[in-house]
Each structure stands twice: as C-alpha cells, then as structure tokens.
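Work out the full structure: start from the sequences and follow the hints.
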Amino acid sequence: MGEVAQYFKREKYINRRLSALILAGTIFLVPIALASAHGRIPAHAFEWAIFAYVALVAVAVVFIVRAAHSKFPKSNLPDDSPLDDASRRKLQRRIWLLEFFVVFYGLGMVHALAQAGREPWLSIAIGTAVSLLIEIVLIKAIRRLKQKLQAAAEASTPQEAGATARFD
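Residue numbers (our numbering): 131 to 298.
I should point out that these hints are in silico values taken from the structure, not numbers from a laboratory. The reader is advised that the hints may include incorrect statements.
[To be verified] Calculated pairs, SDA-like style, for lysine to any residue (alpha carbon to alpha carbon, straight line, at most 20 angstroms):
| id | residue 1 | residue 2 |
| --- | --- | --- |
| 1 | 201 | 189 |
| 2 | 142 | 191 |
| 3 | 142 | 199 |
| 4 | 139 | 277 |
| 5 | 201 | 144 |
| 6 | 142 | 268 |
| 7 | 142 | 225 |
| 8 | 278 | 203 |
| 9 | 270 | 201 |
| 10 | 220 | 184 |
| 11 | 270 | 140 |
| 12 | 139 | 193 |
| 13 | 142 | 271 |
| 14 | 139 | 197 |
| 15 | 142 | 222 |
| 16 | 276 | 189 |
[Claimed, not checked] Pairwise CB distance ranges, derived in the manner of DEER restraints:
| id | residue 1 | residue 2 | range |
| --- | --- | --- | --- |
| 17 | 181 | 203 | 33 to 39 angstroms |
| 18 | 169 | 138 | 43 to 49 angstroms |
| 19 | 286 | 154 | 38 to 44 angstroms |
| 20 | 151 | 245 | 27 to 33 angstroms |
| 21 | 280 | 161 | 46 to 52 angstroms |
| 22 | 168 | 254 | 31 to 37 angstroms |
It should be emphasised that the depicted structure is a prediction, and the values quoted were computed from it without experimental measurement. In this text, a Cβ means the ideal position worked out from N, Cα and C, and glycines have one as well.
Shown next, in the form of structure tokens:
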C-alpha cells in the first residue's frame, strides 16, 4: 500500500491538527467579535486579534506540515503496490471534491470580478491573485492524485494479467 497509505496518514494527521487550530481560533475570536459588536472593546482590537490569529495560523501550518512530513516520510522507492477498492474510492472521491472546488472557486472569482465595479484596483488584484493561487494549488493536487491513482492502476494490471495466465 506504500505511498498512498502514507498520504492518507499524513492527511489525517494534518487535518486533526488544523481542526484543533480552527477550534482554538473560534474560541479566541468569537468572544472578541461579540465584545466588539457590543462596544465593550474598540473595533481595531478585533482587527488586531484577526491579524494575530492569521499570523499564528500561518506559523502553525508550517510546523504542522513539517511535523507530518517528518513523522510520515515519503518513500524514495516507486510505489508499485496495487490499491484496494476502498483506497481507490477514497482517491476518486478526493479528486472529485477537488475538481468541484476548482469550479466553485473559478465561478466565485468570475462573479467577484463582475461585481467589483469601481472598487480600488489593489484589492481586486490581491483578491484575484489569491483566487488564482488557490486554483493552481488545487489543480496541482488533482494532478498528483490522478498520477497516484494511475500508477496504482498500472501496478495492479500486470499482477492480474499474470494471475489469469497462471490459471489458464
């Protein structure tokens, strides 16, 4: 199972830690937002809290991804083991979900650009750049997963052909 199994382990490791990070951010930001809305703290304090949270998340993501890659290292050897049906379905669902998000973000970017009108060009350029960056990352992830799926399909084909040839 090799590389695909390691991929799912890395993903599970990263998802759990990012979920905890999001939960902690919610616990941190919601009271500040409510206090700001009721006028108990100034509005700029909420802006600084969001800035601090985004900076903390950026640093934490780097450490989480590094820890995941050191805990579940990628193999240098080619992964020539076939996939079981559950792993194949998991990869296909992941690919379909990522393809949905490519379409969703693409339509969202087009809609945002159409609605922008006479907004300042800098905010439009930054928003477009971020949307394009998300699109590029999603497309690269789709390609990588399709390559893994294809490599696993090619690995299972010779074994099946050999198994049928032995019983003839």
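For each hint, the structure was consulted:
1. 201 - 189: holds (18 angstroms)
2. 142 - 191: This hinted pair holds, its Cα atoms lying about 14 angstroms apart.
3. 142 - 199: holds (12 angstroms)
4. 139 - 277: holds (18 angstroms)
5. 201 - 144: OK: residue 201 and residue 144 at ~11 angstroms, within 20 angstroms.
6. 142 - 268: Given that 20 angstroms is the threshold and the Cα spacing comes to 18 angstroms, the pair holds.
7. 142 - 225: Satisfied, since the Cα-Cα distance of roughly 16 angstroms is no more than 20 angstroms.
8. 278 - 203: Holds. Residue 278 to residue 203 sits at ~16 angstroms (cutoff 20 angstroms).
9. 270 - 201: With a Cα-Cα distance of about 23 angstroms, the restraint between residue 270 and residue 201 is violated, given a limit of 20 angstroms.
10. 220 - 184: Between residue 220 and residue 184 the Cα gap is close to 31 angstroms, so the pair fails against 20 angstroms, i.e. violated.
11. 270 - 140: This hinted pair holds, its Cα atoms lying about 17 angstroms apart.
12. 139 - 193: Between residue 139 and residue 193 the Cα gap is close to 17 angstroms, so the pair holds against 20 angstroms.
13. 142 - 271: holds (16 angstroms)
14. 139 - 197: Status holds; Cα separation ~12 angstroms.
15. 142 - 222: Within the cut-off at roughly 17 angstroms; holds.
16. 276 - 189: violated (30 angstroms)
17. 181 - 203: 33 to 39 angstroms: holds (34 angstroms)
18. 169 - 138: 43 to 49 angstroms: Hint holds: Cβ distance 48 angstroms, inside 43 to 49 angstroms.
19. 286 - 154: 38 to 44 angstroms: Since the Cβ atoms of residue 286 and residue 154 sit about 42 angstroms apart, the hinted range of 38 to 44 angstroms holds.
20. 151 - 245: 27 to 33 angstroms: 31 angstroms Cβ-Cβ, so the 27 to 33 angstroms window holds.
21. 280 - 161: 46 to 52 angstroms: holds (49 angstroms)
22. 168 - 254: 31 to 37 angstroms: Holds, at about 33 angstroms.
The structure fails to meet hints 9, 10 and 16 from the earlier list, while all remaining hints are met.
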